[in-house]
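Peer 1: Listed here are the chains, written in short residue letters.
Protein chains: 2
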Amino acid sequence: MTKLLLKGGEVLLPNGQVKQADVAIENNVIAYVDDIPQTWQPEKTIHCSDKLIAPGLVNTHTHAAMTLFRSYADDMALMDWLQKKIWPAEAKLVAQDVYWGTMLAIAEMLKSGTTTFADMYFFMDEVAKAVDQSGIRAVLSRGMSGVTPTAQQALTESEEFFRTFHGFADGRITVMLGPHAPYTCPPDYLKKVISLAEKLGAQIHIHLSETEGEVLDCLKAYGKSPIALMEELGLLGHGVLAAHCVHVSAEDIAIMQRHKVRVAHNPGSNMKLASGVAPVPAMLAAGLPVGLGTDGASSNNNLDMLEELRLAALLHKVHELNPLLVPAKTAVDMATAMGAQAVGLEDAIGSIQKGFKADLVIWNMHNLRWCPRHDRISLLTYSASAQDVHTVIVNGHIVVDNQKLVTIDEEKLLFEVQQRGMRLVRDR
Amino acid sequence: MTKLLLKGGEVLLPNGQVKQADVAIENNVIAYVDDIPQTWQPEKTIHCSDKLIAPGLVNTHTHAAMTLFRSYADDMALMDWLQKKIWPAEAKLVAQDVYWGTMLAIAEMLKSGTTTFADMYFFMDEVAKAVDQSGIRAVLSRGMSGVTPTAQQALTESEEFFRTFHGFADGRITVMLGPHAPYTCPPDYLKKVISLAEKLGAQIHIHLSETEGEVLDCLKAYGKSPIALMEELGLLGHGVLAAHCVHVSAEDIAIMQRHKVRVAHNPGSNMKLASGVAPVPAMLAAGLPVGLGTDGASSNNNLDMLEELRLAALLHKVHELNPLLVPAKTAVDMATAMGAQAVGLEDAIGSIQKGFKADLVIWNMHNLRWCPRHDRISLLTYSASAQDVHTVIVNGHIVVDNQKLVTIDEEKLLFEVQQRGMRLVRDR
Numbered sequence: 001m002t003k004l005l006l007k008g009g010e011v012l013l014p015n016g017q018v019k020q021a022d023v024a025i026e027n028n029v030i031a032y033v034d035d036i037p038q039t040w041q042p043e044k045t046i047h048c049s050d051k052l053i054a055p056g057l058v059n060t061h062t063h064a065a066m067t068l069f070r071s072y073a074d075d076m077a078l079m080d081w082l083q084k085k086i087w088p089a090e091a092k093l094v095a096q097d098v099y100w101g102t103m104l105a106i107a108e109m110l111k112s113g114t115t116t117f118a119d120m121y122f123f124m125d126e127v128a129k130a131v132d133q134s135g136i137r138a139v140l141s142r143g144m145s146g147v148t149p150t151a152q153q154a155l156t157e158s159e160e161f162f163r164t165f166h167g168f169a170d171g172r173i174t175v176m177l178g179p180h181a182p183y184t185c186p187p188d189y190l191k192k193v194i195s196l197a198e199k200l201g202a203q204i205h206i207h208l209s210e211t212e213g214e215v216l217d218c219l220k221a222y223g224k225s226p227i228a229l230m231e232e233l234g235l236l237g238h239g240v241l242a243a244h245c246v247h248v249s250a251e252d253i254a255i256m257q258r259h260k261v262r263v264a265h266n267p268g269s270n271m272k273l274a275s276g277v278a279p280v281p282a283m284l285a286a287g288l289p290v291g292l293g294t295d296g297a298s299s300n301n302n303l304d305m306l307e308e309l310r311l312a313a314l315l316h317k318v319h320e321l322n323p324l325l326v327p328a329k330t331a332v333d334m335a336t337a338m339g340a341q342a343v344g345l346e347d348a349i350g351s352i353q354k355g356f357k358a359d360l361v362i363w364n365m366h367n368l369r370w371c372p373r374h375d376r377i378s379l380l381t382y383s384a385s386a387q388d389v390h391t392v393i394v395n396g397h398i399v400v401d402n403q404k405l406v407t408i409d410e411e412k413l414l415f416e417v418q419q420r421g422m423r424l425v426r427d428r
Numbered sequence: 001m002t003k004l005l006l007k008g009g010e011v012l013l014p015n016g017q018v019k020q021a022d023v024a025i026e027n028n029v030i031a032y033v034d035d036i037p038q039t040w041q042p043e044k045t046i047h048c049s050d051k052l053i054a055p056g057l058v059n060t061h062t063h064a065a066m067t068l069f070r071s072y073a074d075d076m077a078l079m080d081w082l083q084k085k086i087w088p089a090e091a092k093l094v095a096q097d098v099y100w101g102t103m104l105a106i107a108e109m110l111k112s113g114t115t116t117f118a119d120m121y122f123f124m125d126e127v128a129k130a131v132d133q134s135g136i137r138a139v140l141s142r143g144m145s146g147v148t149p150t151a152q153q154a155l156t157e158s159e160e161f162f163r164t165f166h167g168f169a170d171g172r173i174t175v176m177l178g179p180h181a182p183y184t185c186p187p188d189y190l191k192k193v194i195s196l197a198e199k200l201g202a203q204i205h206i207h208l209s210e211t212e213g214e215v216l217d218c219l220k221a222y223g224k225s226p227i228a229l230m231e232e233l234g235l236l237g238h239g240v241l242a243a244h245c246v247h248v249s250a251e252d253i254a255i256m257q258r259h260k261v262r263v264a265h266n267p268g269s270n271m272k273l274a275s276g277v278a279p280v281p282a283m284l285a286a287g288l289p290v291g292l293g294t295d296g297a298s299s300n301n302n303l304d305m306l307e308e309l310r311l312a313a314l315l316h317k318v319h320e321l322n323p324l325l326v327p328a329k330t331a332v333d334m335a336t337a338m339g340a341q342a343v344g345l346e347d348a349i350g351s352i353q354k355g356f357k358a359d360l361v362i363w364n365m366h367n368l369r370w371c372p373r374h375d376r377i378s379l380l381t382y383s384a385s386a387q388d389v390h391t392v393i394v395n396g397h398i399v400v401d402n403q404k405l406v407t408i409d410e411e412k413l414l415f416e417v418q419q420r421g422m423r424l425v426r427d428r
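Those protein sequences? They're chains A and B, same order as listed. All residue numbers for the first sequence refer to full-length UniProt numbering, where the first residue is 1 and numbers rise by one. All residue numbers for the second sequence refer to full-length UniProt numbering, where the first residue is 1 and numbers rise by one.
No wet-lab data here; the hints were simulated from the structure. Check each hint, because a few of them may be wrong.
Which copy? The list can't say, so a pair holds if one copy fits it or any two copies do.
[Said to hold, decoys possible] Result set (DSSO-like, lysine-lysine): computed pairs, CA atoms no more than 30 Å apart in a straight line:
no. : residue 1 : residue 2
1   : K7        : K404
2   : K7        : K19
3   : K92       : K19
4   : K44       : K84
5   : K329      : K220
6   : K19       : K412
7   : K84       : K19
8   : K19       : K85
9   : K329      : K84
10  : K354      : K7
11  : K19       : K129
12  : K7        : K329
13  : K329      : K92
14  : K220      : K192
15  : K260      : K354
16  : K92       : K3
17  : K412      : K7
18  : K404      : K129
19  : K85       : K329
20  : K260      : K7
Chain A on its own, in the form it takes in the complex (with noise of 0.2 Å):
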């Protein structure tokens, strides 16, 4: 039994109003927001006078080894940088490489205050294993292709990684089934996940409508767009997280709606890659959850969900020509409770409340970017750097303290990624 205390700092509430109480965590959940019983004693004490206390960011959609790319290949149309540089390095990519490029993913993402990521790669096994190392929160799903030689594998494969690690990690891992995208995952395809998921009680985690191009070949391939062709299918009945949904109209919207599919948006990948601007306003305005994302390192090019908060809050502003779209409030409320419910964690994570997980981030106000201090919503979603960050604490354990990563060796790890990395890219 561990019982921490943080002391006098300002908590942002689930009403998403700001106020001073102190929060009281017992082993892996929040005991107590301000009415903590006299009698409880705590066994440390984290002093938070200057500080914001909220939840944890949540990222809904990343490739974290992909961290391994980041600068390799940009400023590239998609198709040249998937042939020419991405599959090629991807292609060289051994077990202990994921590992340490998830590591590093993690790392950056801890530091800058997100402490759920929703993972599609492969190696899985070993990404679960950095996951468990490292005290981050995940929600993991083995990459699966219905158009390569390793269909049947990564089906078989997403089985056992299913039976042996959801819930695995004192119950920080849980898994998703993860077939790519519809361009990869024709439909015969796409039913045997459908009874996988079935039989093994799992949600799915797609790549949806990403590029028009995408919707073109759907459309022209199945007289659907990508989203009535899943709806058919019946892959939205699944609890869907659906990455991208960049290219959806009304009536894709009003499907998503019947299914209560979940969205993971990713506004820096969506803009670099120049996918488009999805209608998120639409979709939210529609009750969709959405949740927001960095996707992988190699499109974005870091793990900083602040980016992602603030990108959202910015862009469908400038898009719709209309400056009161995605005000502050909701551009946090994405990046932690409707990124809760976006990966299927609505009940245990994303806002501080007592019986939620301990999945917290504290940040340091006290420095130039927030101040002077009126508001302090709008400091963290326009002002603040993600370098802010002083404490986090996940699942009740500390895993970034003063800055600093407790349980990660910083300097080994930029060692071993730095030689993966070029390693990768070297021609033979």
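Following the hints, put chain B in place on chain A, whose structure we already have.
Peer 2: Below, chain B without anything else, positioned relative to chain A:
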């Protein structure tokens, strides 16, 4: 005579290449890059291994003292924001507020790698004082409006300000005239500004074509776009720094090209205020120097030029659905060498070369976001944090040393601005 050696770093050269090189600084200029004579002996050496030495960032458009209103009024329609919030609060400003608000902006800029800023505000003697004391470089304009009772006073003050401060502070301050915008400065008033510019040999800093409404009003009133109207009045011949230029047509761009107009592009402010997306790729293709600016902190909400650099690289890709637009190297150029052109200092700052002023930023690359190091320019553009700024040198003087301000008392500053910011928004 001071001699400073930057030893063992990687240097971002004017051609956009990065190479290992030592940099020698004598007094306020760069004396040598790489080809340092053996007889040259430094008085002080900064060891720069694992660091990137880059030109200081140039913030081509801001209203520095508006840090006082940071987070006071966000997510509002433009006229509501101005009429209900900003103007009533600005009416309470006293000279000392402008001093402290400007000092906060300068502190933030220096710590995030900005070595020169172009400012337009009032109580400009206070701004000059803050620039002098802090060691930053600045291009200052007293904002002038022709439709207020202080119209004539603004002209008189601008002349006095130019005569007193142009070339002040070891040449770190240059002064421009600052007619606010065509919609606040009618043609007759602008003619007086132009006469004054001719008399003084002063350049001009002005807001042009920021919103669609402004352009439509101008077309209605004068039958011309703001750019065309400025040409007709003869304003563009005086070395013009034009802020925003969001709603400019191909004809406008041709006019700007003819008169060598320089642009201050403010992507963050344009996004947040939903002004629109400036045709930056077209302006660059026309050979216009396009620098970057933060605009004031009440519409941004910070002074982080690396954010603007990143937004410039991201926004135009998604807006024109072309991932090749504004590549990393161009974005860095906009934030440095083109910024120097924009503020009229292209022969003095903005690149690391012999004889240029020693305005440099030493970036610490030994951290997660710079790993692995496939491409430094790409890492700076798409991944780095402003808080990776390690050391900043302006005019040969170290003003940030290992992330600490040398010339400014940060604690006193935070206290003063917090008090003053709160006073300004308190209802009487």
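Peer 1: List, from low to high, the hint numbers that the structure doesn't satisfy.
Peer 2: The structure conflicts with hints 4, 5, 11, 16 and 20, although it agrees with all the remaining ones.
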